[in-house]
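From just these sequences and the hints, can you work out the full model?
Chains A and B supply the protein sequences, listed in that same order.
Each residue of the first sequence is one higher than the one before, starting from -17 at the first, in the working numbering.
Each residue of the second sequence is one higher than the one before, starting from -17 at the first, in the working numbering.
Rather than coming from a laboratory, the hints here were simulated on the basis of the structure.
Owing to the predicted nature of the structure, the values given are computational and were not obtained by experimental measurement.
Hints may contain errors.
Same chains, same names: a pair is fine if it fits in one copy or spans any two.
[Stated by the list, open to error] Within a straight-line C-alpha distance of at most 35 angstroms, the following computed DSBU-like cross-link-like pairs (lysine-lysine) qualify: (1) K20 <-> K145; (2) K145 <-> K31; (3) K31 <-> K13.
2 protein chains.
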Amino acid sequence: MQVTVAEPRRERVPLNGVDTPTLFATINAVKGMPELAKFQFRATNQWVKGTHSRTVIDSFSGAGASHTHATPFRYDADHPAVLVGTDQAPTPVEFLLHALCACLTAGIANVAAARGVTLTSVESTIEGDINLLGILGLSDQVRNGYERIRVNFKIAGDAPAEKLRQIVEQSRSRSAVFDVLTNGVPVEIAVHT
Amino acid sequence: MQVTVAEPRRERVPLNGVDTPTLFATINAVKGMPELAKFQFRATNQWVKGTHSRTVIDSFSGAGASHTHATPFRYDADHPAVLVGTDQAPTPVEFLLHALCACLTAGIANVAAARGVTLTSVESTIEGDINLLGILGLSDQVRNGYERIRVNFKIAGDAPAEKLRQIVEQSRSRSAVFDVLTNGVPVEIAVHT
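Pasting the structure below:
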């Protein structure tokens, strides 16, 4: 793996596909008007059959306005055959893994750009251990969810290894998904019949 | 909405697209050999450009064997333009919402089938409030992730409203994603350069 030393650039230029000038302009705009930072993300889900359901992700609000994505995004979820589903899509817990590695990776690209580091590749593998004695109701000593999650990053760019590690660490320290998964979040559930 | 009273069926027959006999046979098999309950789910992610990355979900292990999904599932993630991305896909935090409502909904179908309740529809809307002062590094008083998540279920089937509510509650109490999101999970991150 090629690792060369590069001094941080003084000018904020687009890098790694990150529009760094706009990123910093956005941060400065929010600094001047903190209300812009309030966002709400949403999804709707419809049961299909068995453990198979379908989610649509379309609108969200933030920066003082309503927004819709470029296109409505649709995602299914299901259980595999070994868990008595039809494997139309990954399980919900696998989407947690997708969310975590994607959030950390987006942060890595942003932080690297902000620090003047050109990345050549960022790959990660992620795995989560879960003991189904919990969700199957067979043990009160076993939690329902993952017992632990491990992420392995392989990262390359024009900076020394230590600087690349610091970029990953900064992404972790500001990752929304890492925060939610490690610290938890209050969830309210209402039922209408 | 039509709600009629139905007594739980004594026989365990397939219901709601859930193969209830196989579901109970699986639970009994795991009861006799708890090692079968140990699962590991995995994903790999590759950075594309800017905040855009792509995850592949393919193999997992559990029930004493290695498995692959019917097909490798691929999911992108990105930031929208207002968050200086290119909106190729939802944000990582929106996938958390998908995971939660899909997990609760799969559980609802399973629990209803086990209790002899035929469901006609299960719909949910989910929203998460997040203040970006956290991830933008503009306030140490604001967390990085969601401050709260709300799920609203609309559910219909051949059981009284109270029984339908109990089904949702049972699903919540055994949901892997609800557990992870509300209680948190240890996450280890390693970096290789």
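Against the structure, the hints come out as follows:
Taking identical chains as interchangeable, the C-alpha atoms of K20 and K145 lie at most 35 angstroms apart only when both belong to the same chain, with a minimum of 32 angstroms there against 37 angstroms between chains. In the homo-oligomer, the alpha carbons of K145 and K31 lie at most 35 angstroms apart only across protomers (20 angstroms), although the nearest pairing inside one protomer, at 49 angstroms, exceeds that limit. Taking the shortest alpha-carbon separations for K31 and K13, only the inter-copy value of 26 angstroms comes in at or below 35 angstroms, while the best intra-copy value is 47 angstroms.
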